[in-house]
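S.K.: One-letter residues, chain by chain:
2 protein chains.
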Amino acid sequence: MTSSFFPPQRTLMGPGPSDVSPRVLGAVSRPTIGHLDPLFVQLMDEIKGLLQYAFQTENELTIPVSAPGSAGMEACFVNLVSPGDTVIVCQNGVFGGRMKENVERCGGIAVMVEDAWGEPVSVDKTRAAFAEHPEATLLAFVHAETSTGVKSDAAALCALAKENNALSIVDTVTSLAGIELKVDAWGADAVYSGTQKCLSCIPGISPVTFSPAAVERIQNREHKVQSWFLDMQLVMGYWGANTKRAYHHTAPVNDLYALHESLVMLQEEGLENAHARHQRNHEALVAGLEAMGLSMAVAAEHRLPQLNAVNIPEGVDDAAVRTALLQDFNLEIGAGLGALAGKTWRIGLMGYASSPRNVVTCLTALEAVLSRQGATINVGAALPAAKALLTD
Amino acid sequence: MTSSFFPPQRTLMGPGPSDVSPRVLGAVSRPTIGHLDPLFVQLMDEIKGLLQYAFQTENELTIPVSAPGSAGMEACFVNLVSPGDTVIVCQNGVFGGRMKENVERCGGIAVMVEDAWGEPVSVDKTRAAFAEHPEATLLAFVHAETSTGVKSDAAALCALAKENNALSIVDTVTSLAGIELKVDAWGADAVYSGTQKCLSCIPGISPVTFSPAAVERIQNREHKVQSWFLDMQLVMGYWGANTKRAYHHTAPVNDLYALHESLVMLQEEGLENAHARHQRNHEALVAGLEAMGLSMAVAAEHRLPQLNAVNIPEGVDDAAVRTALLQDFNLEIGAGLGALAGKTWRIGLMGYASSPRNVVTCLTALEAVLSRQGATINVGAALPAAKALLTD
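Chains as they are written, first to last, in the UniProt record's numbering: chain Z, 1 to 392; chain A, 1 to 392.
The set of hints was computed from the structure by calculation and includes no laboratory data. It is possible that some hints are incorrect.
In this list, chains with the same sequence are indistinguishable; a pair is considered to hold if it fits within one copy or across any two.
[To be verified] In silico lysine-lysine, DSBU-like type, Cα no more than 35 Å apart, as pairs:
{"no.": "1", "residue 1": "K182", "residue 2": "K162"}
{"no.": "2", "residue 1": "K224", "residue 2": "K387"}
{"no.": "3", "residue 1": "K387", "residue 2": "K162"}
{"no.": "4", "residue 1": "K125", "residue 2": "K387"}
{"no.": "5", "residue 1": "K125", "residue 2": "K224"}
{"no.": "6", "residue 1": "K100", "residue 2": "K48"}
{"no.": "7", "residue 1": "K343", "residue 2": "K125"}
{"no.": "8", "residue 1": "K387", "residue 2": "K100"}
{"no.": "9", "residue 1": "K343", "residue 2": "K162"}
{"no.": "10", "residue 1": "K182", "residue 2": "K387"}
{"no.": "11", "residue 1": "K387", "residue 2": "K48"}
{"no.": "12", "residue 1": "K48", "residue 2": "K343"}
{"no.": "13", "residue 1": "K343", "residue 2": "K224"}
Please take these sequences and the hints and turn them into a complete structure.
M.R.: This is how it looks when you write it as structure tokens:
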């Protein structure tokens with residue numbers, strides 16, 4: 001017989017899921033109600049409004065897709081790419097490669113703009129790709145690369161798409177609520193995110209927003225969207241404001257309680273304050289890491305405050321360090337992904353996990369484990385350096 | 001400012017979501033751990049084993065898809081249908097129609113076998129369809145039609161597919177854990193379900209299982225699966241037993257805590273006991289409804305014990321009755337769907353909600369509301385008739 005599962009209380013400082021607020025865990029376990037219950041419909045409306053705030057948009061089609069961020073990504077591509085379409089895809093990490101897969105599985109042609117892992121997307125190279133491919137109807141890029149901890153210039157890339165009469169698809173899985181994201185001001189057309197990063201919500205849901213121009217393109221498609229589950233014309237019938245709600249699928253009721261609560265918390269704090277908090281804790285962590293003698297993998301001007309890529313010191317056993325952090329300190333940090341496996345650690349300070357307590361926990365634990373491994377570090381230097389920059 | 005959401009405690013006797021056990025709600029709010037945490041990997045293995053028990057299968061590829069039942073359906077179709085394939089689709093309610101949509105969006109040709117809503121799928125008609133379409137590579141049907149409350153003969157239909165060298169895709173969203181379902185004994189090839197029906201879990205996850213023959217067809221595909229998110233070859237890399245787990249998407253960690261707990265509860269009760277409980281409470285409900293003077297919409301031999309379709313008495317205001325049940329008794333029952341809208345109610349007795357208490361609650365509330373509406377019913381007759389058949 002299999003027994004009930006009781007997980008330990010970890011501190012989640014990897015690339016996500018991040019620590020979930022007790023308020024959110026309280027919300028997810030509230031009694032389930034029907035997905036067509038009038039009170040649930042009211043909750044759906046509130047979630048739309050709260051997501052509009054988080055995305056800084058007035059887009060009517062702003063909803064949570066009932067599946068993880070990968071499905072939110074796919075929702076953007078299957079609705080906007082038609083067979084034969086040319087899509088410019090910027091890749092500077094793992095997730096640009098996934099975008100390429102999405103384009104090709106929709107029958108589209110992906111024109112790749114490649115930048116090194118750890119560098120931002122080059123706006124100049126992207127401009128050149130448009131010049132070479134004036135037929136491109138879409139530009140897709142990642143705002144905050146979770147695999148490398150790099151921020152790209154989303155405002156400039158969205159503007160470039162507009163100049164070239166293309167729509168933009170923007171991955172904001174790791175950026176939403178962690179750094180500035182202005183969907184309307186930047187003119188982003190299809191934007192997806194995840195709940196398990198800077199929203200500090202449980203994983204499993206993907207907020208998306210589509211501009212009026214994107215909705216128009218969806219409504220004028222000649223080919224049916226290849227996914228029934230992700231067909232926004234059908235989903236709109238369930239989430240839409242101006243229609244009698246038509247049953248499409250059973251919404252993940254409790255997950256949406258959790259998302260609602262995390263968005264209420266974001267609204268209470270205010271976006272600007274949330275961004276400032278992420279920045280402050282990031283600076284303290286970096287000061288501590290550098291005082292310890294470690295180096296950051298990304299140039300200062302391109303760093304994401306919510307995801308800190310650190311070079312693994314030579315001679316240190318990557319997996320052994322992460323295992324010790326987990327076993328002895330219940331602390332999870334992230335391994336490198338793809339080309340950066342074994343070369344970097346990714347230390348998340350996302351949402352609820354972006355706290356002075358976590359900065360201190362991480363520096364203390366990392367120092368202890370690295371010392372034990374015989375790494376050459378400055379013992380005792382990290383905490384004072386970090387604390388000088390921390391406020392509570 | 002938007003405030004936190006506190007739902008009322010409903011009694012969920014619609015077509016799902018059904019009442020969620022307090023044990024499951026307790027599990028979902030346990031601390032989130034990482035989706036690559038060794039303890040989470042262990043949880044994944046336990047879930048696979050528990051799902052194998054629930055499905056009565058030894059299929060290695062038995063996993064929860066990280067999205068609702070509609071996505072589980074789509075996972076079966078996108079992985080098994082290639083462009084140009086002929087698929088025989090049986091339709092006797094809403095969900096057969098959705099299967100047709102899936103086939104067509106995969107570039108397949110759907111040959112429809114139509115039966116009246118409220119009737120089971122005709123095995124004879126299906127046999128005739130195979131005779132007319134020997135090129136068919138798949139047979140798709142719904143075991144338990146949620147829109148009508150009808151059970152079809154899944155064993156016979158799976159056998160028929162085998163005789164014709166076709167694979168079977170079986171919708172068991174409403175049947176799993178409520179009535180007999182023997183994936184291996186029946187030779188079903190691709191089977192999907194949902195968490196929010198007889199598993200009494202929160203909505204949002206779709207258990208699926210694929211036979212070795214189905215896996216072989218997936219591995220020999222010439223066209224890439226059109227969905228990246230639902231591509232089982234990629235998902236297998238994350239859930240597979242024989243590989244180093246490869247990151248595919250972030251699993252919905254807390255939802256899987258909930259699913260695990262609901263499956264542990266099913267294992268504790270035992271499948272046969274769970275089926276017997278569903279049958280017993282169903283018989284009591286029907287006895288009560290008929291004593292009240294109402295009639296069932298489905299012939300006795302085809303009824304699902306977990307979903308009871310009742311004819312709405314003439315002159316009774318459908319919506320007003322359901323609203324009164326919800327507002328005055330916090331009781332949700334289901335409206336008719338599609339062709340049966342306004343003609344039937346669907347009363348669920350699923351999983352944790354299949355209890356003597358819910359039978360009594362429903363009969364009492366319905367009698368009160370129908371009396372108030374001036375319907376011609378036998379007041380006072382329902383409870384004694386039901387209680388004679390109830391055990392606690």
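S.K.: Of the numbered hints stated previously, which ones are contradicted by the structure, given in increasing order?
M.R.: When the structure is compared with the hints, numbers 2, 3, 4, 8, 9, 11 turn out to be violated.
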